[in-house]
Amino acid sequence: MDAVEKANTERQRRWVKDKKVGEGTYAVVYQGREASTGRKVAIKKIKVGQFKDGLDMSAIREVKFLRELKHQNVIELLDVFSSKTNLNLVLEFLDSDLEMIIKDRALVFLPADIKSWMAMTFRGLEFCHRNHVLHRDLKPNNLLIASNGELKIADFGLARDFADPGYKMTCQVITRWYRPPELLFGSRYYSSAVDIWSVGCIFAELMLRIPYLPGESDMDQLKTIFRALGTPTEEEWPGHTKLPDYVPVGQFQKFPMRDLFTAASADTLNLLSKCMIYEPRKRISAREALTHPYFFALPNPTFPSKLPKCSTHFSARPLDEVDGNVQMNSTGPGVKARSLKRKLTSSDDGSEGRNRSIARRLDFSKHTPGS
Amino acid sequence: MEMSPETPDQWLFHSAALNETPSTCSLQKELYDRARGVEFLFRLGASLVLPTSAMCTAATWFHRFYMRYAMEDFHRQNVAASCIFLATKTEECGRKLRDVARLYQAKVKNVDITTIPADSKDVDNCQAAILLTEEVLLEALCFDFVVDSPHAELLDLFDTLHSPLEIQEYAWSLAHDSYRTPLCILYPPRIVAATCYILAQRIFDGPNSPSLDARISATSPSNYLPTPPSHKPPSPDASRAAIDSYHLTELELGQLGEALGILLEFYSVQDQATYPYLSAIISVSPPAPHSQRSRFFVPSSVLYPPANTAESQPAQEGLGRTPSSSHGGHTPLGQPSDDNKVSPHQTSDEYIN
Numbered sequence: 001m002d003a004v005e006k007a008n009t010e011r012q013r014r015w016v017k018d019k020k021v022g023e024g025t026y027a028v029v030y031q032g033r034e035a036s037t038g039r040k041v042a043i044k045k046i047k048v049g050q051f052k053d054g055l056d057m058s059a060i061r062e063v064k065f066l067r068e069l070k071h072q073n074v075i076e077l078l079d080v081f082s083s084k085t086n087l088n089l090v091l092e093f094l095d096s097d098l099e100m101i102i103k104d105r106a107l108v109f110l111p112a113d114i115k116s117w118m119a120m121t122f123r124g125l126e127f128c129h130r131n132h133v134l135h136r137d138l139k140p141n142n143l144l145i146a147s148n149g150e151l152k153i154a155d156f157g158l159a160r161d162f163a164d165p166g167y168k169m170t171c172q173v174i175t176r177w178y179r180p181p182e183l184l185f186g187s188r189y190y191s192s193a194v195d196i197w198s199v200g201c202i203f204a205e206l207m208l209r210i211p212y213l214p215g216e217s218d219m220d221q222l223k224t225i226f227r228a229l230g231t232p233t234e235e236e237w238p239g240h241t242k243l244p245d246y247v248p249v250g251q252f253q254k255f256p257m258r259d260l261f262t263a264a265s266a267d268t269l270n271l272l273s274k275c276m277i278y279e280p281r282k283r284i285s286a287r288e289a290l291t292h293p294y295f296f297a298l299p300n301p302t303f304p305s306k307l308p309k310c311s312t313h314f315s316a317r318p319l320d321e322v323d324g325n326v327q328m329n330s331t332g333p334g335v336k337a338r339s340l341k342r343k344l345t346s347s348d349d350g351s352e353g354r355n356r357s358i359a360r361r362l363d364f365s366k367h368t369p370g371s
Numbered sequence: 001m002e003m004s005p006e007t008p009d010q011w012l013f014h015s016a017a018l019n020e021t022p023s024t025c026s027l028q029k030e031l032y033d034r035a036r037g038v039e040f041l042f043r044l045g046a047s048l049v050l051p052t053s054a055m056c057t058a059a060t061w062f063h064r065f066y067m068r069y070a071m072e073d074f075h076r077q078n079v080a081a082s083c084i085f086l087a088t089k090t091e092e093c094g095r096k097l098r099d100v101a102r103l104y105q106a107k108v109k110n111v112d113i114t115t116i117p118a119d120s121k122d123v124d125n126c127q128a129a130i131l132l133t134e135e136v137l138l139e140a141l142c143f144d145f146v147v148d149s150p151h152a153e154l155l156d157l158f159d160t161l162h163s164p165l166e167i168q169e170y171a172w173s174l175a176h177d178s179y180r181t182p183l184c185i186l187y188p189p190r191i192v193a194a195t196c197y198i199l200a201q202r203i204f205d206g207p208n209s210p211s212l213d214a215r216i217s218a219t220s221p222s223n224y225l226p227t228p229p230s231h232k233p234p235s236p237d238a239s240r241a242a243i244d245s246y247h248l249t250e251l252e253l254g255q256l257g258e259a260l261g262i263l264l265e266f267y268s269v270q271d272q273a274t275y276p277y278l279s280a281i282i283s284v285s286p287p288a289p290h291s292q293r294s295r296f297f298v299p300s301s302v303l304y305p306p307a308n309t310a311e312s313q314p315a316q317e318g319l320g321r322t323p324s325s326s327h328g329g330h331t332p333l334g335q336p337s338d339d340n341k342v343s344p345h346q347t348s349d350e351y352i353n
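Chains A and B are the protein sequences, given in the same order.
Quick note, in my numbering, the first sequence goes up one by one and the last residue is 371.
Quick note, in my numbering, the second sequence goes up one by one and the last residue is 353.
These are calculated hints, taken from the structure and not from any lab test.
It cannot be assumed that every hint is accurate.
[Unchecked claim] Computed cross-link-like contacts, DSS-like style, restricted to lysine-lysine with a CA-CA straight-line distance of at most 27 Å:
no., chain 1, residue 1, chain 2, residue 2
1, A, Lys242, A, Lys168
2, A, Lys282, A, Lys223
3, B, Lys121, A, Lys47
4, A, Lys52, B, Lys109
5, A, Lys52, B, Lys121
[Stated by the list, open to error] So the derived label-pair ranges between C-beta atoms look like this:
no., chain 1, residue 1, chain 2, residue 2, range
6, A, Ala7, B, Asn19, 20 to 28 Å
7, B, Asp73, A, Ala7, 17 to 25 Å
8, A, Lys168, B, Glu169, 24 to 32 Å
9, A, Arg13, B, His14, 24 to 32 Å
10, B, Ala280, A, Lys70, 43 to 51 Å
11, A, Gln72, B, Pro210, 48 to 56 Å
[Claimed, not checked] Far from chain B, some chain A residues (derived; all Cβ distances over 10 Å):
no., residue
12, Trp15
13, Gln31
14, Ser36
15, Asp95
16, Ala119
17, Leu208
18, Ala266
19, Ser273
Here a beta-carbon is modelled for each residue, glycine too, at the ideal position from N, C-alpha and C.
Just chain B, with the same shape it has in the complex (with noise of 0.2 Å):
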């Protein structure tokens, strides 16, 4: 590959080719498994206490690796682990490689780092599984270390549009949570930036506000009405506020609404009764669909119905279902164990130092 000054887009996929990953399992399996390392990621970084940036380019890293190598063959675990390693030595926040394998074991076995010995054979081999997979993670990354997050987005959003506080941290967690689904490999950082921004203010605006429909069609409807420019209200239509500031083209505009019904796909399949805080995220309608993608997520009971039920939904695409129409048909089973679990909020369980 030409070492051209580097055109970001080798990194971003058109949805299509989610379908086409080196995985075999299908694609909801593929990317419930890729949440599910996501999420591991997170609380491996949470408790080494990396600043942000590293959490998240570990996590893009993640995605870009399964564009090119399969679950089946490099466990998320070990992929997740290698990628918060390798992201501590780039981001400057060192750790040590026994302190990551340490952790990754308090984890896999949910006991408390200090019962895990420093000099046990399973940290050994932890160790060489990391360094292992960080070798095939180097090259699968083509050494395309520097990687932008949509958090630097938000924050000139935030100080550009003066937004409540509120706001502020519906959009940073939403930008957290974001990772958990692959659009950190198929938009730029600040379409993602943008889809987390309104997603926010729509919760925070409740449930009469504008649609996201309104909020992302290509004018505000204000523009149809005969008023001259003179007179147009001295404060811009708030809801609009963050389109507005990025000028997005009327193709970007198609790609937010379809990462606002990625991100929203996503938090419909959650388990409300484990996370009761997602009603209020769950209860928004996404934007009418501007093209036909597969179905990305389905509850995890879709994909791991528990043993003694007959019913065996097949998990394929071609369950064709508009998100919109999704929400509210499952119900809590099989409490999913330890990284099962895809919690909105990643938690920092202990501190290591």
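Chain A extracted, bound-state conformation (with noise of 0.2 Å):
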């Protein structure tokens, strides 16, 4: 046995696998845990040799964006080993995700709680932001939180580094309800906005309990999204009528964002504003955002480990953030993104109006004065 096999033999029994709790297509996940100290860990077993264009493209860039960012928002990579034929990556593991809580009706946020989370999704995206790394798919399952309360981004299939200008990126990206404008119109030069859109939405989310700008096709999107946040004029966004796929979707009036928010406070808005401006290059940034006063206003961001917590347990539900079927494109650069993981069920579908509802009667009754 050569010293390469010997350390990678070494490594593999560090590990041990306990039960598989997911399966995706390209990887397996198990729970596992860490020989020596019990420490619980994710196993994914990405299966090689299976595609045709060889080791898949998401596994590709999860292994390469998460071997370099470390940070306490932004999941830990912890160990990669090869076993005959499958690689294995070693992830720390984590209850649940934003998705659970969000959904899980016995919890009750409040504007502490949101700030929270929101601060902490913030951090880890201005790492990812800091080191040229676009996430490209944020949204709330994609947020895990661990057993101390703790929000760290995961996912980094479809995540990439930033292109030279001049470069073209697909506009495949990011699932429907939190994709912005610009991709939804077929920009191929963007920027860490599409990620800040995407955080917007989610933050409309923790507010709502429901999906903020639920499309139902990449058209109905746009609509949805003009429904709520008005047409955009030639003067708040220059250009966009000159993108490769603009149709005009018809004229909407923008609608106060405190009609539909009616217990958030005016930092709040303006923060959510700021993350929904339509002209990506005046957009915040993760970085001005940490700076905004939403952050500095009362109440003070709750304590991770203070946050709601899910009843329901992360492995009781099929994985399905493994998911990734990304194809080569034929024509140079650029990949196929994945179809929509979380498609609108008909459960979502019936409950839609009913979710409004209980939305708008949120207890906020701890709202700072003055908001």
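Work from the hints to combine the two standalone chains into their complex.
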């Protein structure tokens, strides 16, 4: 046995697989633990040699970026080893995700809780952007929650480093409900602002407890956005009518955010509206967001361990964040993104109206004076 | 291995480590074949119209791979193609596996890509070989996909020093060529960048300009003069601008000297009859060696003597000649075929779409 094999076997022995908790297109996920300490981990076994294009793009992206990014609010890749023809990624084990928390009707969110989740999201995202990584698939079920309440950005299967200006990137990224209008209009040159739009949608969803902009198709997504935020004018967003896939989708009046987010403070709405600015260059950056007055006003963010926790457990449901069937594009750079993971299910459809009214009756009684 | 914040040192080797690689052939033969492999890799990459970053990343992986696997077990062309294909994925410039395999076949057979049918048996086998190699490659690389290149360092250097365009172009080409040598696994990118820059400057300044030794000495000659700081000339010595901007330590200056020696040794064994434009580089005297190292490069005529010549030169270390005494001595022999050519400038043959 040569040195490489030996080192690999040693690494393999450090981790024990306990049970299978999910299966996706390119990986099987196991719950496991570190042999010496019993610390819980998630082991993502990637099937190699089964794809016509070799190791899957999502797996490559995930490994590439997680090996580089180490931050309190980014999921940690603990180890990588190979066994026979599989690659194994050892990730820190996280109990739940923000989607499960949002959907758990038994939980009540205080404004301070939302502020805490937003702060952790922006901190993690600011770190990614500072290191020139775009996430390109932010949504509540990619924001995982550790047992101590810490929020961690996960699933870097669609991430990429910023291209040089003038280098085309695919616009088929980000789950539809969280996708910014510039991508829906087919922009191939974009920036970290795409992630900020997604964070804005998540911010709104935390307050509403249902998805803020749930479009049923790409076209409907634009309509949904414009219905909520008004059709952009040339002044608000110069040049948007020249984007490759631009289509006029009708004129909608700007509708004051205050009408929907009745209990939110002025700072809250100000930050939210800055995340949802149409002109990508004017949209707030993660760094600016962290110094926004919202984070300095009372109430102070809830300490992570005191945040509302989910009663259901992660391993109780099938994991779907390992999904990823990225295909190599036939004409040069770029990849075809996976299909929507979180489709509108019939149950979501049915409960839509009801959820909205529940959302409006949320208890924001603890909001700060002056808001 | 612990996945602590990655120390780049894992991938930087002492030059003596090259004597201990898994390959069983001589060091000179291995490095000659590596150079051929990188040549093949660059030709594939150029035909696929890949960005420089992807080609540099692939070439670095190629050298790393052969620190862990033997040349005898994995053919250089398979490894080169596999590195290229993996780099198209990590550097976000995706190409179809089938196209990579077709180009591979076209290059090996020395025919136009249009004559290679996409569904031929050879192309299928070639795809399978690339994928098989990819699995081994991934493990050999420890999944370290992110690689820094001297090119990025050079861009910053050009920017700070406002270098003349000609120096920029020389340095850029030298940085490309540096991958034909193992520099990328011996020294960090900024040392390689400084090496290319200083050599480019030396060539640009002409044969009567300060020697490489003077350019990389620990202290600039003007520092010996008892000039009060206030009287220092306003513009620093231009030939030392790169070194000064990097604030290199004595140890790093030593590495710089070794790197210059390796790069010049590589050029010195190229066939001057085939590549007459190399004369300006070959005539540069390498800096005095600081440490003992085995000879890396010998002319291909030494490794592959023509069949009818009785004289078979031993191609091992122990030839022991210093790089400075080596140029000139060889005659252009037997035209190397296909990828045997180690041309210092990549050629982009055909465009694939």
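**Request:** Would you list, in rising numerical order, the hints stated earlier that this structure does not obey?
**Result:** Hints that this structure does not satisfy do not exist here, as all of them hold.
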